[in-house]
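Novice: Here are the chains, one letter per residue:
4 protein chains.
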Amino acid sequence: MGTTQGEGPQRLPFASDYERGALPQVLERLQEVNLEPNPGYGADAHSERARALIREAAGAPEAEVSFLAGGTQANAVVIDALLAPWQGVVAADSGHVSVHEAGAIEAMGHKVIELGGEDSKLTAEAVDAACQAWEQDENREHMVMPGLVYVSQPTEYGRLYSLAELEALRAVCDARGIGLYVDGARLAYALAAPGNDVGLADLARLTDAFYVGGTKCGTLLGEAVVFPRPGTCPHFLTLVKRRGALLAKGFLVGAQFEALFEDGLYQRLGARADAQAARVARAFEEAGCELLEPQQTNQVIVALEKDQLQRLEARVEAGFWSHLADGRTAVRLATSWSSTDEEADVLVDVIRTLASK
Amino acid sequence: MGTTQGEGPQRLPFASDYERGALPQVLERLQEVNLEPNPGYGADAHSERARALIREAAGAPEAEVSFLAGGTQANAVVIDALLAPWQGVVAADSGHVSVHEAGAIEAMGHKVIELGGEDSKLTAEAVDAACQAWEQDENREHMVMPGLVYVSQPTEYGRLYSLAELEALRAVCDARGIGLYVDGARLAYALAAPGNDVGLADLARLTDAFYVGGTKCGTLLGEAVVFPRPGTCPHFLTLVKRRGALLAKGFLVGAQFEALFEDGLYQRLGARADAQAARVARAFEEAGCELLEPQQTNQVIVALEKDQLQRLEARVEAGFWSHLADGRTAVRLATSWSSTDEEADVLVDVIRTLASK
Amino acid sequence: MGTTQGEGPQRLPFASDYERGALPQVLERLQEVNLEPNPGYGADAHSERARALIREAAGAPEAEVSFLAGGTQANAVVIDALLAPWQGVVAADSGHVSVHEAGAIEAMGHKVIELGGEDSKLTAEAVDAACQAWEQDENREHMVMPGLVYVSQPTEYGRLYSLAELEALRAVCDARGIGLYVDGARLAYALAAPGNDVGLADLARLTDAFYVGGTKCGTLLGEAVVFPRPGTCPHFLTLVKRRGALLAKGFLVGAQFEALFEDGLYQRLGARADAQAARVARAFEEAGCELLEPQQTNQVIVALEKDQLQRLEARVEAGFWSHLADGRTAVRLATSWSSTDEEADVLVDVIRTLASK
Amino acid sequence: MGTTQGEGPQRLPFASDYERGALPQVLERLQEVNLEPNPGYGADAHSERARALIREAAGAPEAEVSFLAGGTQANAVVIDALLAPWQGVVAADSGHVSVHEAGAIEAMGHKVIELGGEDSKLTAEAVDAACQAWEQDENREHMVMPGLVYVSQPTEYGRLYSLAELEALRAVCDARGIGLYVDGARLAYALAAPGNDVGLADLARLTDAFYVGGTKCGTLLGEAVVFPRPGTCPHFLTLVKRRGALLAKGFLVGAQFEALFEDGLYQRLGARADAQAARVARAFEEAGCELLEPQQTNQVIVALEKDQLQRLEARVEAGFWSHLADGRTAVRLATSWSSTDEEADVLVDVIRTLASK
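Chains as they are written, first to last, in this note's numbering: chain W, 1 to 357; chain H, 358 to 714; chain V, 715 to 1071; chain E, 1072 to 1428.
Certain hints may be false.
Stretch-level coverage of chain V by chain H, calculated; a stretch enters the list once three of its residues show a Cβ under 8 Å from a Cβ in chain H [unchecked claim]:
(1) 730–737
(2) 746–752
(3) 780–794
(4) 807–821
(5) 925–936
(6) 960–974
A partial selection of chain W residues facing chain H, derived with a Cβ cut-off under 7 Å [what the hints assert, rightly or not]:
(7) D93
(8) H96
(9) H100
(10) A107
(11) G109
(12) K111
(13) V144
(14) A275
(15) F320
DEER-style ranges, computed between Cβ atoms [what the hints assert, rightly or not]:
(16) W:A171 <-> H:A441: 38 to 44 Å
(17) E:A1116 <-> W:Q25: 23 to 29 Å
(18) V:D833 <-> E:R1276: 41 to 47 Å
(19) H:E495 <-> W:D341: 27 to 33 Å
(20) E:P1365 <-> V:Q846: 27 to 33 Å
(21) H:T697 <-> V:A757: 20 to 26 Å
Hints were generated in silico from the structure; no laboratory data involved. We treat Cβ as the ideally placed atom computed from N, Cα and C, and that holds for glycine.
All chains should be modelled from the sequences, with the hints used to inform the complete structure.
Specialist: See the structure below:
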């Protein structure tokens, strides 16, 4: 995510949710285990305990859990592992795998079958239509078969899938005999969102795989890939290694997830950021700025006039989103586990000044 | 291309333009050289002469010419050779590489950047906008860079690019520093089309690579890949070999192209098929059937009511195209170098009966 | 295969077994079907009949048979289809996939696990040891798992596997849970060899896949890939298409194999070439030249002094093999279905002159 | 690396050099920057300063430095970036890329051209011979061209290349027009070794790319990939992203390397481990155990009788290496930046008891 370009001193860091290290509790845990000898490649007691805690939190006692470094890596390795060579992955045309992974899915040999739509979410209907179009095409053997559905919770634009929507997607996947994968890069902000009705156990029940994001949710790095049903991807460790994605010191990621899951911290940590984002969204609306997406989690996407953008940028690092046809600029502000309420207060004050025209 | 489903005896073969072997002159040439010893892998005198004839016909004395077996293979190998690993190929969303190659481009590791539009052609404006969007995006280093433009002449739907349109595409490619590649699977039907103003020399002048289609234009198999400027793709023979696309007996394809190019046969052979297609198109219109694409080359794409389709299928093999939302079926009829005027007469008679309601 | 460098007029063509087109019976068949309309992509009656004939010849009534264009292509597509992503293919270090396919297997993402040895054959013991080494290595999850055994019959150097040897390989494959694949690029010369005890039915019984070579055995091009057990590689047609290996006019290859198999021609056609090679080998021995491999099929590999090579090359096109440490050159002479006995007579005469020192 | 199997309580951790977190100074640095906002993807001031320090240490003011997560990832991405598609990488058959990366290089589409030899090092002569064999082979266009030399300093078995040896390799690479890449996973143990005469500036002068290992040399994770000459691999960040190897919080790795390089810590940190390994090696020799490799850096590879192994394993975690034909087991002990002298003392005492028979 590129940041907007103002250069004021000590600008408020709202350009993304990966601008700071780890939650203090997480970093403390790393210090505790730092000089403790642990076997490599995730075969250690911390990773094992983290796996057990995630299984428990997800109500999936047989789930297989692996720790990878980052989201694009997790997406590429898991999607490739879940697809047959003749299949592609269905995703929203705004999805991370469609736009912002530099072709990582294609580099694994698979097409991203991009579906458009009014917002950043895939509907069961659209997926079903795409599957049916393939099935009914007499040339389907010359076409990429839809083999997996990719969604992220929340979406690239911060929206939530409801439980009913995910269940509908699962029903389509079952009917068509394909898989469902949920990218949880920002899952903590979904789990803690006021309107959310999708829990970890729902993801375990409804998906073939999902990942619990760490990098954007309180760890230095690391994503916990969960296959709810054992045996889904045999030799997964070798697949991970073969893609250069196996961490030698897997215990360091394991220990961080251990800290996040041992008392439900992960499920709670997004709440403050979501609340801050709600205040930010309200401030923009009160300042007369148009929200381009309904704010549901930790992201606020707003359209600003040129002078509003300049005034904002003087004080705040925001994420560039796109140039709009009417001359306005779409900007994303992301709160995170690391945003303080003081920072949010200042941001809200800055936003209020944008209205004064 | 799947065929529609009637099973009448001796149905007329208009489902595709690759249902028969080779032009008699081409097959005779094969017989002549059949027991003549020739070195393998295209290092023979027939291939060499065919290359010289193609260079001459294209006014490109330094062009490098390679013979591959088929169109998907040629597209995959050439596009991969022309792209850097961080780049993707821009194509119409109806393009052969986008839809009907089972993900062959993605299997080489590259994204097909699909652009939609009103018809099957890419406009210079749309390509320029896609390139500009990438260049201006602050996250472009996380995105697939447009690196090559793919068009086919004629398009998947039988339309022609005008010289002005190709020149405009080239101008955009030059301005953006990217390449232009033309898929000529059905090039003979374009070259001989009444309204065509794009010759082989234009393709040589305007593209980084193009291929002269043989499989659909009179040979048993084979496509002549032309790089107008030498050195465009070093070690191309090894790239071809590495993708399993190097023919041991390259001389057999070379000899066929020798026969096609030694007296301008290639440039003439599409004329009869184009004329037949024009008659077919007119007959459909006179029968009150809607042409879904303007007929310009050897393909006619028409919408038929269910009963019309049944009556047509009883006598004619046609290519299934798609189910339309209004209940009609889109069907493609393709004439070819091998369609006789008698076959076309019967087809026109059959079409006339569709109107009788 | 590069040819040696003499330039005499009308040199005898013994550099390789793919220097001429097709057996007259095969070419006649092509002419017969040339203007007959046939559906594309192998869904035609000739391909279907050829499949039935091959199934019958191999005693494998349920076998799935596909026609591909060439050997490297067949090897790459089949090996990739039979391997899991975490597996590699075990081959002799002299094997075609190891040396002469420009990295086609690696281009599909798989390691060729090369085993050395005294000759060009893989032994059951060597394969077993490689599998055991992987199984017993505590780091095996970080290593490429042997997943398939590749052999060619005859080998790259013209040697034959005995039935007992193939059965031993199969037993090891069964014990280790991996597959066996036989490259039959020159299978006709094996089937007709005097000492051969491996028939098509043995290949069908003992392998997971094999191919019946056409390009080097009497067809213009084409290899018949056989999966003896149905369902071995689901969606194989799409895998073939995705790799650019699906022939639009598959009926042309089907018709050629139909001609080869309808009266057992394939099983007989190698006999003359094998007998010629035996005469050539004897002539070399009588001239005091060292055979580097025992002659068993249609290839003779011989070490020549510099002056012998020059004299041979003045009259004969031979295949370069390698420079030997002692200054001699290893040369391959290949007879083929197209070599006449008159050509062989002249070759033998030329060889006799090499002794005169 | 699998560990040997004893289960004694509190066994000494000598199985590998990646069993503990980070040097205290490095972890402190992470704590200092933890809540400081930093832009993502390596575009931060800590990464920038670490790059400047590495450039200075390597005497390569224009070098491009990128931070990746781990060694297999760095090898795969860099080797792919340095090779053309028709090329392979030459490596010792014991090299990490040859054996222990689960086929990661092949997964990128490239062959590892493995050269054997008496020890784990590549000689200039062997590389030159391999290049010459390719160049002189008349079939070279059908073969994988050697395009890059891969060595690691120290080697997989802990040996050092001398400056003269690296210069000879460079001379061969220059003569053949190919690249040289040095894997420095354990570079700190080479730099600090008593007999070493290869400094960072030598690597910058002699290679096309090398990486400075962090994971095994004092950081939590991370390797610094150095291209001494700018422009060697254009769009490298996108190549890294495309392979899922771009760290969102690159600043965390940057800060660790900043700590390692700001006062020469990296160049010093291996010395204690090397000295401990020397004591361990001496103890084995005094106990009558055969060292299978000369000890030069932080690894000791020793052959043990079954009972010796059992006694060792009761107290010490060692790395399994291989089963020897004579019944002994080859075992690796690795000291590291984290091994205390007290641990080494106990290890030496344990080793002494192995002699008592």
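Novice: All hints are to be evaluated individually against the structure, with a verdict given for each.
Specialist: Now for the hints, and whether the structure bears them out:
1. 730–737: With 6 residues in contact (Cβ-Cβ under 8 Å with chain H), the coverage given for the stretch 730–737 of chain V holds.
2. 746–752: holds (count 6)
3. 780–794: holds (count 9)
4. 807–821: holds (count 5)
5. 925–936: holds (count 4)
6. 960–974: holds (count 5)
7. D93: violated (10 Å)
8. H96: At 10 Å from the nearest chain H Cβ, H96 (chain W) fails the 7 Å test, so the hint is violated.
9. H100: holds (5 Å)
10. A107: holds (5 Å)
11. G109: Where the cut-off is 7 Å and the nearest Cβ of chain H is about 5 Å from G109 (chain W), the hint holds.
12. K111: holds (4 Å)
13. V144: OK, holds: V144 (chain W) within 7 Å of chain H, min 4 Å.
14. A275: Status violated, d = 28 Å.
15. F320: holds (4 Å)
16. W:A171 <-> H:A441: 38 to 44 Å: holds (42 Å)
17. E:A1116 <-> W:Q25: 23 to 29 Å: For Q25 (chain W) against A1116 (chain E), whose Cβ atoms are near 26 Å apart, the range 23 to 29 Å holds.
18. V:D833 <-> E:R1276: 41 to 47 Å: holds (46 Å)
19. H:E495 <-> W:D341: 27 to 33 Å: holds (29 Å)
20. E:P1365 <-> V:Q846: 27 to 33 Å: 30 Å Cβ-Cβ, so the 27 to 33 Å window holds.
21. H:T697 <-> V:A757: 20 to 26 Å: holds (23 Å)
Taken one by one, the earlier hints fail for this structure at numbers 7, 8 and 14, listed in ascending order.
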